[in-house]
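Asker: Residue numbers (the working numbering), protein chains in the order written: chain A, 99 to 452; chain B, 596 to 1199.
Please note that a few of the clues may not be correct.
Below 27 Å or equal to it, Euclidean Cα-Cα: the simulated DSSO-like pairs (lysine-lysine) are [to be verified]: (1) Lys336(A) with Lys384(A); (2) Lys375(A) with Lys426(A); (3) Lys655(B) with Lys418(A); (4) Lys827(B) with Lys426(A); (5) Lys1033(B) with Lys384(A).
In short, the hints are calculated from the structure, not lab data.
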Amino acid sequence: MSKTPRGIHNLGDLRDYLDAAVQLELSVIPPYMCALYTIHPETNDLCQQIFRTVIVEEMLHLINSANALNAVGGQPILTGDAVPQYPVLLPDGEKSFVVHLDPFSTAAMETFLKIEYPSRPHGPERRLAALREERAPTPLKVMRFGHDTVGAFYEEIIRGIRRVVADLGEKAVFTGDPAKQIDATYYYAGGGEPVAVYCEADAVRAIEEIIDQGEGLAHNLFDNDGDLGHYFRFDQIKRGRCYQEGDRPDHPTGAPLPVDYERVYPMLRDPRLDDFKGELKRAAEKFNATYSILLTALQNAFAGERERLIGAVGVMFDMKYQAIELLKNPIPGTSFHAGPTFQWAPAREEHVRS
Amino acid sequence: MSEGQYDVVIVGAGIAGAIMAKELTRAGKNVLLLEAGVSTDMTWEGYESSLTTFYTSVNKEPESPYPNNPNAPQPDVLDIGQPNGTGYFIEIGAQPYGSTYVRRAGGTTLHWLGGCPRMLPEDFKIQTLFSVGRDWPITYDELERDYALAEMEIGVAADVEDQEYLGVHFPPGYVYPMYRIPQSYSDQFLGSRINGMEVDVNGTKRQLYVRSSPSGRNGIPNPHYVSPRGEKGYTPVGAVNPAPEGQQYAKDLGQRCAGNTNCIPICPIQAKYNALKTLQSADGTRLEIRTNSVASKIIIDPDSGRVTAIEYKAYDDPEVPEYEVKRASGTFYVLAAHAVENAKLLLASGAARTSGQVGCNLMDHPVVIRWGLMPQDVGSYRGPISTSGIEDLRGGPFRARHAPTRGEIGNDGWFWPSNGPVSTVTEGVNRMNLFGRKLRDYIADVVPRQFRIVFLVEQLASPTNRITIDPKWLDALGNYRPVIQYNIDDYSLAAMAVANRVCNQMFRRAGIEDWTDPNNGLHTVVEFDGEQFAWGGAGHFAGTHLMGASAHDSVVDSFQRTWDHDNLYAVGSGSFPTIATSNPTLTLAALSFRTARELVRRLQ
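Please put together the full structure from these sequences, using the hints given.
Answerer: Written as structure tokens, this is what we have:
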């Protein structure tokens, strides 16, 4: 189905792949946030907890990828055209499924399982009745590489790092400014600390950490830290039961995990600004402005202004409250609720926090 | 484990009990921990439910997330000054005792501020130096390493350079586990106006500085940190969750302080330390925790004076006063139930009677409260509740005449003194007849300028400030309720008058418009030395089983062992012979390390 993976043959390829890795991590966070924030408050407690922990680990992966890209002389871009517009195809080259912004639902869980463990056979998708025609997936900025799984994509990056270093020598590859590396001073929580990348060994460790936490290989239930991989965390929600030590994949035998898909705001799939009018539109614009402030802060942090990550925390709180405000409100004349559209919107003065 | 096999039975799962349990179990000792209250906050879901309870309660006071449990009742700020029978405390003194605490696993660290200043070296010997109060049987230097252990356990964020004042010293090269939490914009503004301002306190000249406060809140780890045990680096402790390995997602969810301005009563992101973080890192294979188990009596062998068991009442439902009386036995017994509860339990058991001091010498930090409007927007109601203090009046020769005092600068606007910003709306509507645009403009102008400062004043140990018990006053399970006799003497009142004058000077210098209204009904009003001011409690209980050098005038020795019972310890701020001016938690945590080490030694 997929074309032969392009592979990493030189430093330019390595930068392209790491650029795609940054965008891959950025692409999966909004769908997980939509699932989390559409859950009614004080319901589905364990599900909320699972989403929260996965999201903070994806943020960690984003930082590890950006650190690796910075280290090899690249420049992480998270603004403008780099902002994913949903639905998207993941930039590693998987074409067999499309990633949507969906409310917490069985359909969303099926997609999330594909993101986290894409080599599984795909089940039939149950979809919400569409308000309007399904949007076509938007291609992302970066080229797609033809890998079948996220794991294969990251494994190629590790092989590529070794290959390019063998060709050019470590010094010629790791030319990035060390002052751009994000370490635990600027970010922690989320299942660990970022890996600051100064050399080949660091770069491999940064990528392995991503694979280890369940983004890619998923051959073990528990990662090296004893944490359950993302795929299996999500699989618990699908199966309504927790995994415990000694369980086989697909056969959790731990405590029941209560899931109630009814206690969810029925957000419109892949909402966009043009789906809203009046107050809803203004609220959606406000959210996008805040999201864009966050992305700008992240990009600037990766460009050397590391202390911006600390201030970004407050912006994330704003995003949460603004997203929930949208999700609580029905779109007049429909059975759907509004939702955050995660579109790029350069900050307008009145939306910037005073 | 069957009864009698425990090395140590601990009463109370607050910070003192949790540290004891962790240190003892990690040293290979078997521990039973009895907790009077519920275990709600020991899981992520439970903690979140307390958060929901807080969000949905009308009054946002310290006890809002932690509703009263009639089987293990607790004081509530709304009951202060109300007729006896309304609340938990029975007040028979001249003044109401203005502080509260929490009775459930985690204890009062669930709603503490997180303030972690050390005591000054001079605080340990005020009788010797100033001929007032009592000396401690230990010195600052003897407790120094235990302070560092406590700072490690709590995870204190501070920079040593800010904390070296009035004789406080650290070992060469010492750094705190995390860098200081940034000072708020309001602190920085105040500092820009008053730093270096000179005050004259009865002949002692001091310059005042707005100084960063050490706090038990997650910040940026200091890569140069080395613990007193030689471990390098510090990893911040996330949210509590005792789930099995692999499902402990909550540990990834406790975040660094994000300035929610909600330290009291509940940190919404568990960035602030609470004792359950310590408890979950005890060796679980050697620790048995029994919650809903109220210790009611210490059983003492009359011949040897040794404790043979703790009698406790185990209940299922907090709302149903049905219980079973049980006994727990071990080699050693530790009362870590809070200053008031420890005293009650000793009194109810007729224990530790030689000195006649059990329950006596109750102290608090009476606080002078001042509030006003800053000359410009300072971003009130943002940041942790407090990030800075004024430490320059905490010590000095004036202590021969009046108490020392410590300023705590708030980021919580007028919440403490006048229930702002809610009261700002009622003020605008009811008193100023504003509505619509004018009301919004008024709120937008006033709220970001609201400023408050409190000065915490030392109170000396006095035998007439005391907890007693009376069979007339019992709770739902038939346990005693504390009968409190409390007053504030001239030594403290004089310092409150000094603090009030210093505030006048500071407000003038900084251009703060004074809005202090002592008569707003929320506080006790006094006049002293020509000054009229409002004061309240600080939640800093101390002194009900104080430590000393002799069995004749103190209840416990320097290891917090009761003089009368060789295998009974009473730990916590109840052991303080002086409360001085620091928030007591760090010092009581340090003492807990000292006692745990002594118990491990005695158990070898």
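Asker: Which earlier hints can't be squared with this structure?
Answerer: Result: hints 1 and 4 break, sorted rising.
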